[in-house]
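So the protein lines, in turn, are chains P and S. First residue of the first sequence: 133, per our numbering; consecutive thereafter. First residue of the second sequence: 1208, per our numbering; consecutive thereafter.
To be clear, the hints were calculated from the coordinates, so they are not data collected in a lab. Since we're looking at a predicted model, the values are computed, not measured. Wrong hints could be hidden among the right ones.
What the hints assert, rightly or not - Straight-line distance between alpha carbons at most 20 Å, and here's what the computed EDC-like set of lysine to aspartate or glutamate pairs gives:
| id | chain 1 | residue 1 | chain 2 | residue 2 |
| --- | --- | --- | --- | --- |
| 1 | P | Lys216 | S | Asp1210 |
| 2 | S | Lys1286 | P | Glu232 |
| 3 | S | Lys1220 | P | Glu237 |
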Amino acid sequence: MRSEGLVSPVPAAPAAAFTDVSKVYGSVRAVDGLSVELRPGEAAALLGPNGAGKSTCLEMLLALRTPTNGSVRVLGGDPYRAVKSGRVGAMLQSGGLMPEVTVAELVTLVAGFHPRPLPVDQTLRQAGIADLANRRVDRLSGGQKQRVRFALAIAGECDLLVLDEPTAAMDVETRQAFWAGMKAEVARGRTLLFATHYLEEADQAADRILVLSKGRLLADGTPAQIKASAGARRISFRLEDANEPFLRSLPALTTLELRRDLVQIQSTDSDRTLYALLDAGCRPHQIEITGLDLEQAFLAITAADNSGNPADTTRISR
Amino acid sequence: MTDTLALARLEVKRLVLRVRGYLILTVALPVALYLAVGRLHGTANGVPNAGYYMVAMASLGAFTCALTSNAVRIAQERKDGWTRQLRLTALPAGSYVAAKVIASTVTVLPAIVIVLALGRLYGGVRLPGWEWPVIGAVVLLAAIGFSALAVAIGYRFMPDQAQPITMIIYFAMILLGGLLFPLSGFIATIGKVLPTYQVARIGSDVISSGTVPVSAIAVILGWLAAFTALAVLAVRSTAETR
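This is chain P alone, in the form it adopts within the complex:
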């Protein structure tokens, strides 16, 4: 008897799962009660200021560190086993390379360790270093070394790619080529998690953004949702005799900046804020309302956290 159609599809294990994870170094809580899951095939960006715990999170994912509390699972199992079975491709910010060998020798070596290696030519081309194949690794520039590290990360078929600030040492052109290559990887069904300082990259390359600050997850959603959640719009106008306490009391306001008669407001609901202003009898001029870009959204989210607001994770329903 065939039972087609009766079997409910087994949900695939998350590509990565943090469950109530904390990491403490001495008196510093680098990661503080983090719970998040990455779905297979997702491209997620990890954003956060320096010291937010991004690298620590990635290192726990790669079994380079063990959590103080909580559990980290990768592809449904132990992180170390996932890494050693070749299912995870990883690139760290400062992974060293073997000196005195050529790029091709090094990539061939690492591909040879992999249970499902890819042709070395293909890997070199994909990382944009085919022309460097016979150059010595220790004579490359920082950006070139970065691309070699990327080549090592993709030297075999993997299910999850973990990249810590992959484009930090790249120039603009290289960076664009890099993300084009990355998109191809994700299109082939790999899950991608990368940490970055460049919000523009997160906006373009990720379909999910995780904002981390002081080791906690502050926001989790698509780039559009993150922008919307952070005080979606910026209202600016000129107003004679602007009264600060009154302006602060406007509904939906998240931040206020006042410079003589120039008022700049971030608001989660620009219509409501503006109507309240007009209803109070104010007649501002030169009114401009603009959407926030991701960078402003990010600054707004982390600034709210730093000002001591008990900001719970901005969970965005999907």
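The hints should help you fit chain S onto chain P, whose structure is shown.
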């Protein structure tokens, strides 16, 4: 194992072909010293200079190669994060260290073979056939101990510390062991506990009487075990996972 050998092969290739000064330090130096002293009349430890310095210089080249070139290199590769990078590949744990020791064992061979050949051809040392491989094997065994010591130092110290520590140990071993010139009196008594001295002693005994002193082998094996234990402890204490 295949992975470990692939890594070891690339290690050997880069050391021999790409590292400037590598062959000079490990082969040319002992060869030059042997050419200088190998035909001098006189004896050391009861054997002609040609024979004594053949063993001493083969040892000098092998130990230089095993200890000094490896310790700082390992410390530097750890600092640069190459070992961390390997940790992120499917390469089994421990393969890096195993590959280092294998590569080191292979790269000490030229110094041993070339200096022994010089002993025969330039120094005129005549020995029964079986004695050559025995002398070579004893030097190699001691060299493996120094490879393990290099791992211990490389894992325990940063490169700028590893450099002077290695040099102090190296020169103490070489000088007190009598490899540059045989010692006498009190210092010689201290030197007798060292593997370097015992290698030279085995060489002398084999050349003069055709016997291999068991106590000397025991001392060399003892140091090999101690260095290996130090290496294992150092590697464990600095595990990449924290």
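So, going through the hints one by one against the coordinates:
1. Taking the CA atoms of lysine 216(P) and aspartate 1210(S), the gap is about 13 Å. The hint holds against a cut of 20 Å.
2. The hinted pair formed by lysine 1286(S) and glutamate 232(P) meets the criterion: a straight-line CA distance of about 16 Å does not exceed 20 Å.
3. Distance hint between lysine 1220(S) and glutamate 237(P) is fulfilled; the C-alpha atoms sit about 10 Å from each other, no more than 20 Å.
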